[in-house]
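Residues per chain are reported as follows:
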Amino acid sequence: MGLLNVFSRIYDEEILRKLDFLRQISLFEGIKKGHLIHVLESLQERTYLKGETIFAQADIGRALFIVFDGRIELSRLDAAGKPEVIAEVNPGEFFGEMALLEEMPRTATATAAEETKVFMLFKIKLDSLLFSYPKIGVVIAAQLAKILSARLRAVLERPAGN
Amino acid sequence: MATDALKKSYAQFLLPVAIGIAAVYFIVVAKGALFPFVLSAALAYVLNPLISYFEVRGFKRSYAVAALYITAGAVVFLGVWLLFHFLSSELQDLQRTWPTYAERLQAYVTNLNARLVKTYPVLAKIGLEARLQHLLELVPQLLLSLLPALTLLFIVPFITFFMLIGGSGIIDYLLDHLPARHSELILHITSRIDGSLGNYLRGILTEAFVIFLIAFTGLMLLGLNYAAVIAVLIGISSLVPYLGAMVGAVLSSIVAYLQFGTLLPIIKILAFFTGIRFFDDWFLQPYIMKKAVDLNPAVILLALMAGGEIAGIWGIVFSIPVTCILKEVLQIAIELQETEFRWKPKPEPTRISIPYT
Chain A
156 MGLLNVFSRI YDEEILRKLD FLRQISLFEG IKKGHLIHVL ESLQERTYLK
206 GETIFAQADI GRALFIVFDG RIELSRLDAA GKPEVIAEVN PGEFFGEMAL
256 LEEMPRTATA TAAEETKVFM LFKIKLDSLL FSYPKIGVVI AAQLAKILSA
306 RLRAVLERPA GN
Chain B
168 MATDALKKSY AQFLLPVAIG IAAVYFIVVA KGALFPFVLS AALAYVLNPL
218 ISYFEVRGFK RSYAVAALYI TAGAVVFLGV WLLFHFLSSE LQDLQRTWPT
268 YAERLQAYVT NLNARLVKTY PVLAKIGLEA RLQHLLELVP QLLLSLLPAL
318 TLLFIVPFIT FFMLIGGSGI IDYLLDHLPA RHSELILHIT SRIDGSLGNY
368 LRGILTEAFV IFLIAFTGLM LLGLNYAAVI AVLIGISSLV PYLGAMVGAV
418 LSSIVAYLQF GTLLPIIKIL AFFTGIRFFD DWFLQPYIMK KAVDLNPAVI
468 LLALMAGGEI AGIWGIVFSI PVTCILKEVL QIAIELQETE FRWKPKPEPT
518 RISIPYT
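Line by line, the protein sequences give chains A and B.
Residue 252 in our numbering sits at position 97 of the first sequence, and the numbers go up by one each step.
Residue 508 in our numbering sits at position 341 of the second sequence, and the numbers go up by one each step.
Errors might be hidden in some of the hints.
As a list, the in silico BS3-like pairs of lysine-lysine whose alpha-carbon atoms are at most 27 Å apart [as the list claims (entries may be wrong)]:
1. A:173 / A:290
2. A:278 / A:188
3. A:187 / A:301
4. A:188 / A:205
5. A:272 / B:227
6. A:237 / A:301
7. A:188 / A:301
8. B:494 / A:278
9. A:173 / A:278
10. A:187 / B:494
11. A:205 / A:301
12. A:187 / A:205
13. A:173 / B:494
14. B:227 / A:188
15. A:290 / A:187
Source of the hints: derived by calculation from the structure; they are not laboratory data.
Bound conformation, chain B alone:
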């Protein structure tokens, strides 16, 4: 009798385990094809609250998604058109002036190298000049290698559209089929993760966009060449905390040196980026990120390095969200050990000695 019960209890796990193994096998075999879907799922997750906002106000989901796409399409079209308007002339300019800049940089390094080697002969072994030459040759190649990523720009919004329309149905189905007894706990855990991760992702994207706008306006006012290109790079690197202002300061200083050749513009630019950094720390982050999970900069750095080690550039992109989830899961796990598994004596419920009157 007992053996029968045991057999039955094992048998109920057969199908889920088989599905799990098949899913893992599929992921391993088709991991390249899955990548746009992972990106789309992340985008759908970020956009979902916007759809829910309209849905809960009575708009049918499909119409809300369509309206979002039409609006976003118009905004993106305008943004891209404006950006290309600035970028194309800048990129053409860059193409024209790049050899001159590269020559100047090379001449500077050759000069520096010659002086250094003269003073410290041991540096000759490093071959600074040859390394720079190699790096400079790599730049056009690097730009070309970014092209395949552009196809993602078309595929990802397409998949996201269908995920936004049909995704909530799948999630509702899964929620209704959770083991009933544990659904309260599972939903508690998912809503906690959703709370901190969602706020973090939406916060960091808003922050990056605001920093991009400020940097673009500031650099235009300072009269720096390639303001749009640099502002885009700053916006993207702002997704990594602290990196945005640093990348901006270094890049803009180099461009300012090549453009003006004097120290004053560089000082202005450094002051501008210090200002951005403080503005970010004192105003943007406390306001935008107040509800998000709090990650220590050292943990962020570790996450970024580990992400890069594990999965390259995309590992870096996903390292912070994954760390958010891990931190929340760890926190919940410790709380559960205390509440469900009684690691620690339970806190006494509030007791009042005066009777109810």
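With the rest of the complex left out, here is chain A:
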């Protein structure tokens, strides 16, 4: 009992919670739990307050964002120049993955709809992860390709006029 007490004093339960969270993210599906530690090492945490802009449409993208808790709204300027909410991102979902492939302008604006904690994966960190741990890299690259393919299919299958 005493030993268990000492262990729980030294061990940080928060890490387990984060690792369990990462296991549920589709981008990391197929990565072993032990390897997820390297992914967690490469992530940057940040909390955004309600109403803060995470990035704006046309900004150059450099990171992927995973929502840990809270909610993010993605909006785009319509033809009249008015922002129109196109999606909501909830815990366990991610956005901005295009930035991991090429440094191109963002196609939407991301705003925190409430106090939100995100994990950021920067392209430079992903690159070093790909080279240092190719097993993780292969999984992430394959998942990214799947996600982009799904997005493209969704665009093509969208009824005309939408």
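For chain A, the structure is supplied; the task is to place chain B on it using the hints.
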């Protein structure tokens, strides 16, 4: 209305500017006191990945730091005890034999000087002998002047301990309070600088330690006096690229000449240091420094000389890390000019003519 907005936009900078001015004033007034903190921050920065390694594996930060200190303390204690074991006898020996060596060196120079002056009378004006006499007298003084630096050995680990424990909290706080819209760009820049600078510093420290070990073992096997002292000097000078092997070769050759008085040991030592140099170039550097920023030796030399000119010995110590940061910042600045400020037309995104099937 517009003036109000303008006033407001100026007003928001008042506090940061005031804090900035106060900080600069504080640095100017108390620069002496800040120095151990700068060194500690640098040490904490170098050690932080080790703490993060354990932290991300579930150990609470404070326990990871404590474990690191206990382990490092034991290793350093053992290392220092062993080193002193070797060094103290060598230093005592040096103290005993220094006057003889100094006399021999002086006699050699006097002899050389007499011959040179005879052939080239103009050299008499330089006063080579008097200069050497002055230099030899300076040696004990120089050793004494290093003593205050020893106090840093106690203060720096003490401050570093608290920086390692509390530092990440301060950094997280600052990160959370960056302007939200620009945090992606700022974090991108800091992670790039951190990537190349961190790898460089950790790489160069590992390299210096490996070279120290090889030099120590090699010189012991060659039976040279003061192997420990010379190996420590080689290790420290290895922090400056190319200097380690050179310092080692010159120092060891002088000691070998004074100890053996023949040419063969000097040739052996020169061959040994040439070997170290190649080993460093072909094996150590490609492996240890592969992820670090690539600095041209000429740039390193310029940085060292400029660092020495600006801030003396500590300028030299910090010149390479600062150059790393400057190089990365310059590179990022040029990239930003191209991506954010459109200096150059953007590269076309990849386009594929065959439709999605």
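Results of checking the hints against the structure:
no. : hint          : in the structure
1   : A:173 / A:290 : holds (21 Å)
2   : A:278 / A:188 : holds (22 Å)
3   : A:187 / A:301 : holds (19 Å)
4   : A:188 / A:205 : violated (33 Å)
5   : A:272 / B:227 : holds (21 Å)
6   : A:237 / A:301 : violated (32 Å)
7   : A:188 / A:301 : holds (21 Å)
8   : B:494 / A:278 : holds (20 Å)
9   : A:173 / A:278 : holds (21 Å)
10  : A:187 / B:494 : violated (37 Å)
11  : A:205 / A:301 : violated (32 Å)
12  : A:187 / A:205 : violated (34 Å)
13  : A:173 / B:494 : violated (35 Å)
14  : B:227 / A:188 : holds (20 Å)
15  : A:290 / A:187 : holds (10 Å)
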